[in-house]
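**Student:** Sequence order for the protein chains is Z and L.
Anchor point for the first sequence: position 56 equals 55 in numbering that gives the first Met the number 0, and the numbering is continuous, going up by one each time.
Anchor point for the second sequence: position 53 equals 52 in numbering that gives the first Met the number 0, and the numbering is continuous, going up by one each time.
No false leads were mixed into what you were given.
Which residues of chain L face chain Z? A partial, calculated answer using Cβ under 10 Å: (1) 180; (2) 301; (3) 302.
The hints are simulated quantities; they were obtained by calculation from the structure and are not laboratory data.
In this text, a Cβ means the ideal position worked out from N, Cα and C, and glycines have one as well.
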Amino acid sequence: MSDFLLNWLINIPGFAAPFALAALGLIITERAGVLNLGAEGFMLVGALAGVGAMLNGSAPLLALGGSVVAGMLLGLLFAVMVASLRINHVISGLALVFFAQALVSFIASAERWNNKAIAGLEPVFLGQDVVIFAVPVLTLAVLWLLNKTRFGLSLRAVGENPGAADAAGIDVTAMRFAAIVIGAGLIGLAGGYLTVAVSRIWVDTVVGGRGWIAIALVIFARWHPWRAVLGAVLFGCIEALIPRIAATGADVPRYFLQMTPYLATLGVMIWAALRGSDRWAQPAALGQHHIREERD
Amino acid sequence: MSSTELTDTGHETVAATPPATRLRMVPLLEVRQSVSERLRIGVYVISLLVAAALSVALLAWSGVAPSDLGREIATTAFSSPRALGSVLVRTAPLVIAGLATAIAFRANFWNIGLEGQMILGAIFASAVAIYDIGPENGRVVTMALAACLGGMLWIAGPGLLKQRLGINEVITTLLLNYVAFNLLLHMVYGPWKDPVSAFPHTEQYETFERLPMLGWLNLNWALPLAVGLALILWWIMSFSRVGYLLDLMSSNARMAGAVGVPVAGLTVAAILGSGAVGGLTGFAISAGVEFRMTQDFFSGYLFSGVLIAFLGRNHPLGVVVVAFFMAVLLLVGQSLQVFFGVPFALVQLIQAIFITCVAASEFFLTYRMHWRQAA
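Chain Z extracted, bound-state conformation:
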């Protein structure tokens, strides 16, 4: 029993970290008023970039850097769609996920990166790797960026009231570009961590809806970084439990176990909605475009 507990506990941070990183990236993007349904796509390109770099002989940390860059590059595309061309945020997000799914599947099969084991990120302390220890630091950094810097103030202003921000001399489009690209970098890192540290292999389904779970997590966390990390740990607990239970040989139907993260996400969303304080927590201009000449 203590073996079971220990094995479970030691695996929680690894499963929680991708959720936490993705949620932090989403918070930055959404605080600027951009509804980001593309999280799954950013994670996919990040995950593939990580595998690709590792298979080409890069060091794990460098590979994770590649994941950040890949996320940011796709973020640029999303920024052009949402911030410049002002396409509907839902359509842009979905198109982006579809595009990313196709792109990673195409590249992985063209480069023959499927099902090839990679070395991966090694633990440094308490069975945890550096990224785990970086998560709290990054959370503090995001909090500092959003709440203590002029950039963060402008970013939040754009998310709450782009008209007023514009009148105050803030470049709304530029702020949203920056928020999307920074956020996409973090979400890309989350994807990279999934392959470089957790699965250590590429299959097209490696991200498996975690980007969507992260979006729900951010709603649950009411766009607050620490609460998002807490939610990520909760999902880490659930995900780390699944292989543990399977390993005990207990007679629990395997596929019902695999449903639990998705069902838990639904539960969390229902709970957040019933609590009903989302109205003020959600950035007021989330999903809205800003055109200076538009009169409402």
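Go by the hints and put chain L onto chain Z.
**Tutor:** What follows is chain L alone, placed relative to chain Z:
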């Protein structure tokens, strides 16, 4: 008069000092008050052409020359009645998938759960087949109705959560796809594993549990079903009172509610209708193509459904046309995979290019761009 003209005509071409205030043109956006039908069609056609050009370039880069591509399209789709028949067989479920998505989109409900609804549809239809529910001569109809019921059940949750609690349906419908997929795996690896072959799919449906053949080419009843459904929806959306109210509602829900349109009732009907047709898509593939429930019969349909509805402008007849071209694309993609070794994901990439180009083109419909001199 611009500064360059001055330097060109002047004597001091080299030593020309830049003017104190340089003329800088900045784009300014203006929201269009109205969009003419001609502009709408023009922009749409141009965006399709751009997407097609990008796709041809992408294929050329992957080693399929445009001439080869043209030949491949001609032979795959139009070389013989038999080839055309294969395209139409492929078209039928795509039409139904596109309709399922379009119904929800028309009511401003983002149903991204088509694959989940297809799976539930196939599970319900298979249950009818496996447990021999209902008389044999009406079995296939019972299966179709059961599939509709399964799809409706699967969308009812997200619909309820959206209507009652305002929970974003994009995320809930999408998450339920994963739940449904695991349920499917549980069934085909567990209680419903094929007893004959022990493969992870259900046992084969009996002849009377399949969609009957039309007796022309290799077509079965899925095509008339799809086209009939499209015609009925076309009538509902374009000529009936319900369609008129839907239009009112989707342009301004609050105003529609204020003048007495039953907004909640209409939305719920559209959501459930979308789920039912989604379930029917699963049935059309299981009972019309595979003759059993396989573990990946649904894959790619979510993407295709959204694309077909979006490119077809949520119009039932538009859906039929786009679904036909999508079927051609999918078949050509398969044959390119065989003869040119091009990964099938390229087809998905082409789909993504189309959806992105058409979405981006909306910019030109929503806004008018002016170039104005900066201060």
